[in-house]
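J.: Quick mapping for you: the protein sequence lines, in order, are chains B and Z.
Take the first sequence: its position 199, counting from 1, is numbered 199 in this note's numbering, and each next residue is one higher.
Take the second sequence: its position 273, counting from 1, is numbered 273 in this note's numbering, and each next residue is one higher.
Please keep in mind that the hints were generated in silico from the structure rather than gathered at the bench.
Predicted model only: the values in this text are computed from it and were never measured.
Be careful, since some hints might not be right.
Note: identical chains are not told apart, hence a pair may lie in one copy or across any two.
To be verified - In silico lysine-lysine, BS3-like type, Cα no more than 27 Å apart, as pairs: (1) Lys269 x Lys247; (2) Lys281 x Lys168; (3) Lys105 x Lys269; (4) Lys269 x Lys132; (5) Lys254 x Lys105; (6) Lys276 x Lys132.
The chain contents come next:
2 protein chains.
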Amino acid sequence: MSVKKIKHVTIVGVGLLGGSAALAMKAHDPSVQVAGVGRRQVSLDAALDVGAIDTAHFDPAECVGKSDLVILATPVGAFERHLKAAAGALGRNTLVTDVGSTKVKVARLARRILGPGGPFVGSHPMAGSEQKGVRFSRADLFVGASCIVTPTSDTRPEAVDTIEAFWKTLGMRVVRRSPAAHDRAVARISHLPHVLASLMMLLPGNNDLEVSASGFRDVTRLASGDPEMWRDILLTNRGAVLAALDKFSTETAKLRDLIDQGDGAAIEKFLARSKKRRDTKIVSQIVDRRISAE
Amino acid sequence: MSVKKIKHVTIVGVGLLGGSAALAMKAHDPSVQVAGVGRRQVSLDAALDVGAIDTAHFDPAECVGKSDLVILATPVGAFERHLKAAAGALGRNTLVTDVGSTKVKVARLARRILGPGGPFVGSHPMAGSEQKGVRFSRADLFVGASCIVTPTSDTRPEAVDTIEAFWKTLGMRVVRRSPAAHDRAVARISHLPHVLASLMMLLPGNNDLEVSASGFRDVTRLASGDPEMWRDILLTNRGAVLAALDKFSTETAKLRDLIDQGDGAAIEKFLARSKKRRDTKIVSQIVDRRISAE
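Let's have the full structure, built from the sequences with the hints guiding it.
T.: Listed below in structure tokens is the structure:
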């Protein structure tokens, strides 16, 4: 495995994820230099203020030339603009990755703009929160969480190795998937749940919400996510989201029939199957990761 | 307002809720005597062990005669059996309430067994967790949460006042609703979310779950609830659950069309509306309650 040392990084989009990646890199190696690219002076100032970035820029072409790594950390819908702005200025050995939540369209876009076998390797660190902005950044945001790295058939092996090693230094568990397998998986474990949480939040009336409790608070937490970011996710992962949604609707209709028929035994069996799956696959996973992160 | 003093209580079903109610009463007034009724010696022993109950019984008829209050805290499906067992032995001034999650059927059942204008006043403390058993009981489980009290047209006013005052001494915010209004509300804020969480948990494959993160963990938390208890809830609130589910499916189909059409503006508007509703009605409510509970 050939891994390149990362000494200078450009982060395009200094929000929660970009800022946290910067703080995590600096915690790991205080000599790393981070250039931040943003749209608004106030965000860049905040990123300088919390010590996430060393220099602030409006145009990635100003800083990507000396970077070992460029990380796209804006909403996915802005990637095209930034890739085009950076493309001509990249250093000969600069790698490019991202933290976006969809991968098929992003991989296609990067191939089109940066060329086949180019410097791009897609990443999706499965960390974050419904909070927004560099002020919520934390050096430990990624610790113990999974990062899905999504090489394509023409990605250079040393580029994949370097990107995977990079996320590991930030404390992540790295999993490799094709862009298509990634998109199918996150449609089921993230994008569809987000859509359903948002729908659930709009169903009750104000009188109903007045008596809601911690269950409703948790099941709707995702609905507090950033609408612009999530619009881009749903648009760029449309096919996989629709497939997940249709499967979900079919299963919902089956369960509806069981409730309508008052089939207590079948309802209990369904609930027990779901509980068992969560208790064995999710609750135990949480415990495992907590231990491995300590 | 005429409120009766509660000095002796029978709790039928000493699990998380029954045990927590007992601990909360004793924390408020150490002289309160609690009789626990259970099916299994091991649960009763555990309840004695954690100091939730003072005496243990298999038959409610043994203890309800001297109780000021009887609290049904088993799954709803067992209420009929316990009400029948207790009915002949109740003291002249004994009140009966419950902690069940559905109210229309429970109110009818109590009226049938205990008589119209009888000692029953339904309650639904909106507290709990996916944990099960008296060992997880906490004296502060109810503090700051809502309790829905559901009198019917023939409930005696002093009985309602006493039950409402009781939950207030345990730190709860009391809200009064008719049984039907209660059932509609909880179908939307609790029962449907439970069903959707259980369905979401079964959609991804094992490979998908391997990379799931905190969002999926939270949105599926309800799926770890007790299958037997939730079977009874869905069976006894069938009409309201089906109505909520059908409304949800209609809204889901509308959103599906927006995603299918790639209508970014409409998708963002939907997401922003849901986020605003959660941020103003749920997040702010959590902050308010935390302050009032301090």
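J.: The structure should be examined with respect to each hint, and the outcome stated for every one.
T.: Here is how each hint holds up against the structure:
no.: 1; hint: Lys269 x Lys247; result: both (20 Å within a copy, 25 Å between copies)
no.: 2; hint: Lys281 x Lys168; result: within (23 Å within a copy, 39 Å between copies)
no.: 3; hint: Lys105 x Lys269; result: between (39 Å within a copy, 23 Å between copies)
no.: 4; hint: Lys269 x Lys132; result: between (40 Å within a copy, 18 Å between copies)
no.: 5; hint: Lys254 x Lys105; result: between (33 Å within a copy, 25 Å between copies)
no.: 6; hint: Lys276 x Lys132; result: between (34 Å within a copy, 14 Å between copies)
Taken one by one, the earlier hints all hold for this structure without exception.
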